[in-house]
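Participant: For the protein sequence lines, the chains are A and B, in the order given. If you want my numbering, it's the position in the first sequence, counting the first as 1, plus 554. If you want my numbering, it's the position in the second sequence, counting the first as 1, plus 80.
To be clear, the hints were calculated from the coordinates, so they are not data collected in a lab. Only true hints are included.
Listed next, the in silico DSS-like pairs over lysine-lysine satisfying Cα-Cα at most 27 Å (straight line):
1. A:K649 <-> A:K665
2. A:K613 <-> A:K649
3. A:K660 <-> A:K640
4. A:K651 <-> B:K157
5. B:K190 <-> A:K624
6. A:K604 <-> A:K665
7. A:K613 <-> A:K640
8. A:K660 <-> B:K157
9. A:K613 <-> A:K665
10. B:K190 <-> A:K621
11. B:K157 <-> A:K613
12. A:K651 <-> A:K665
13. A:K660 <-> A:K604
14. A:K604 <-> A:K651
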Amino acid sequence: MEKSMQKNEQSEKMESTPAVAPYMDIYESTDEIVMVADLPGVPQENLELKFENNEISIKAIPVSADKSWKPRFREIGQFRYERAFKLPSGLDISKIKADFDHGVLKVVMPKSESEKPHTIKINRR
Amino acid sequence: MFGYSYALNDQFFNQFRRRMMDLFDESAPSHLSTWPPANFYDNGESMVLQMEVPGMAEEDVNLTIVQDVLTVSGERKNRLPEGVHLHRRERPVSRFSRSFTLPYRVSPDKVEAEMNNGLLTVMLPKHPEEQPRTIQIGVGKK
Numbered sequence: 555m556e557k558s559m560q561k562n563e564q565s566e567k568m569e570s571t572p573a574v575a576p577y578m579d580i581y582e583s584t585d586e587i588v589m590v591a592d593l594p595g596v597p598q599e600n601l602e603l604k605f606e607n608n609e610i611s612i613k614a615i616p617v618s619a620d621k622s623w624k625p626r627f628r629e630i631g632q633f634r635y636e637r638a639f640k641l642p643s644g645l646d647i648s649k650i651k652a653d654f655d656h657g658v659l660k661v662v663m664p665k666s667e668s669e670k671p672h673t674i675k676i677n678r679r
Numbered sequence: 081m082f083g084y085s086y087a088l089n090d091q092f093f094n095q096f097r098r099r100m101m102d103l104f105d106e107s108a109p110s111h112l113s114t115w116p117p118a119n120f121y122d123n124g125e126s127m128v129l130q131m132e133v134p135g136m137a138e139e140d141v142n143l144t145i146v147q148d149v150l151t152v153s154g155e156r157k158n159r160l161p162e163g164v165h166l167h168r169r170e171r172p173v174s175r176f177s178r179s180f181t182l183p184y185r186v187s188p189d190k191v192e193a194e195m196n197n198g199l200l201t202v203m204l205p206k207h208p209e210e211q212p213r214t215i216q217i218g219v220g221k222k
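Start from the sequences, fold in the hints, and give me the full structure.
Facilitator: Listed below in structure tokens is the structure:
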């Protein structure tokens with residue numbers, strides 16, 4: 555009971571922080587779709603990457619500065635990152651790979667074999 | 081910059097938009113105007129600079145202090161593989177240089193910097209002469 559209450563407080567706290575969309579690059583080759591997101595200041599344990607109902611969602615909470623520090627100048631707001639995209643069919647979900655390095659998340663989504671272009675040989679009569 | 085990326089989106093409108101990603105957040109992020117953004121804090125003993133430098137390694141960022149001016153410069157290399165179809169290009173790619181005039185004299189030899197998950201933190205200890213000092217008040221003679 556107590557635990558669930560704590561959890562509620564935690565999630566309420568999360569909900570009260572405004573969400574912004576991270577800067578992203580998305581590109582596609584014949585074999586895969588790649589998504590790259592800037593998530594500076596996010597420790598890996600605060601990063602959630604989810605695939606559900608043909609949708610990919612990113613949720614991330616950056617670490618906040620030490621409470622005892624007095625802000626003097628602020629360009630980086632207090633927010634959490636959130637963004638989601640519907641995925642096309644024809645991706646091999648089981649082969650999706652993600653890595654997180656220097657605050658940058660990279661998700662590589664391979665296309666399934668049937669989606670890849672293939673050349674059809676034309677027979678000579 | 082975003083105009084440019086939208087133009088590219090139009091250009092590659094075909095496949096991706098039609099059959100692929102149906103965004104539920106259509107708007108490009110707009111929370112940053114100066115890149116990379118920075119915060120300054122005062123923790124009593126030090127000024128603290130935090131700057132977002134995602135995708136940059138330690139060797140990609142330079143810090144210099146000349147008198148009371150702190151300069152952070154660097155470059156983010158973000159080359160796309162050849163021959164890919166670009167759908168979104170929002171992540172800033174550039175060299176940057178930002179200078180900040182510090183409100184206190186700092187001890188340059190005691191400055192410490194670290195990078196953590198794409199966040200740069202620079203501790204700038206105030207010069208001893210800038211630290212608050214308690215002054216004993218002597219007993220006046222009549």
